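**Q** Sequence:
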Amino acid sequence: MNRPDESPKNSIIIYTTEDGLTKIDTTFDGDTVWLSIDQMADLFQRNKSTISRHIKNIFAEGELERDSVVAKFATTAADGKTYQVEFYNLDVIISVGYRVKSKRGTQFRIWATGILKEYMRKGFALDDERLKNLGGGGYFKELLERIRDIRASEKVFYRQVLEIYATSIDYDPKAEISVQFFKKVQNKIHYAIHGQTAAEVIYNRADAEKEFMGLTTFA
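Numbering (the working numbering), first residue to last: 158 to 376.
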């Protein structure tokens with residue numbers, strides 16, 4: 158199974174063990190989480206050969222089908238070069254955890270399940286660890302950019318709703334129902350653009366100490 162690292166669905170979420178001694182950058186794609194053999198070795202505090210042996214046994218015994226639980230991701234190594242590295246999904250991670258009898262495996266399963274539930278309920282999952290540490294470089298900026306994109310798409314959608322409404326055969330621009338409809342949609346457009354309704358914009362920007370109450374545009 159190939160899941161390109163460049164896929165917009167993929168994101169990196171930091172997992173910190175309960176003892177705080179280990180932090181792992183887990184790859185999350187909305188359906189499951191992925192770890193490499195190196196990362197599982199760090200997680201379970203076992204050497205790579207032990208982890209690799211358990212994974213081979215999992216496939217050999219028919220516990221899991223390799224094609225459905227293994228993916229290759231482009232990973233940049235310490236030498237600056239990019240390599241295709243095999244990653245294993247949560248099913249494999251849990252199975253390895255049982256075999257090495259690691260308490261950390263249970264802790265990771267609980268954490269990963271919580272992340273997946275959050276994504277299914279909200280449609281997204283936030284990396285709390287990065288947000289607590291000043292956004293982890295560009296992470297906070299990336300979140301803001303995504304929010305702007307969503308709001309821009311909302312604006313276009315509501316604009317289209319207005320255009321469709323105006324083409325109705327019984328459309329009357331002076332009718333009270335039309336006036337109220339346009340006011341409501343206009344507020345939604347305002348909110349999609351800057352997070353406030355028209356009334357909230359006026360309330361927050363009005364200033365009796367400024368000329369013209371702070372008004373900047375005149376009709």
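What the hints contain is simulated information worked out from the structure, not anything from laboratory work.
Check the hints yourself; a few may be wrong.
What the hints assert, rightly or not - Okay, derived cross-link-like pairs now, SDA-like style, lysine to any residue, Cα gap no bigger than 25 Å in a straight line:
#1 260 x 181
#2 229 x 214
#3 341 x 355
#4 341 x 360
#5 229 x 175
#6 340 x 359
#7 258 x 203
#8 260 x 227
#9 205 x 235
#10 205 x 178
#11 345 x 357
#12 340 x 373
#13 331 x 352
#14 258 x 175
#15 229 x 255
#16 345 x 323
#17 229 x 248
#18 213 x 182
#19 229 x 219
#20 205 x 223
Stated by the list, open to error - The calculated label-pair distances, taken between Cβ atoms and stated as ranges, are:
#21 264 x 339: 52 to 60 Å
#22 343 x 236: 50 to 58 Å
#23 372 x 178: 27 to 35 Å
#24 343 x 372: 13 to 21 Å
Fair warning: this is a prediction, and the values are worked out from it, not measured in the lab.
Built from N, CA and C at the ideal position, the CB exists for glycine as well.
**Q** Starting from the hint list further up, note which numbers the structure goes against and sort them upward.
**A** 5, 13, 23
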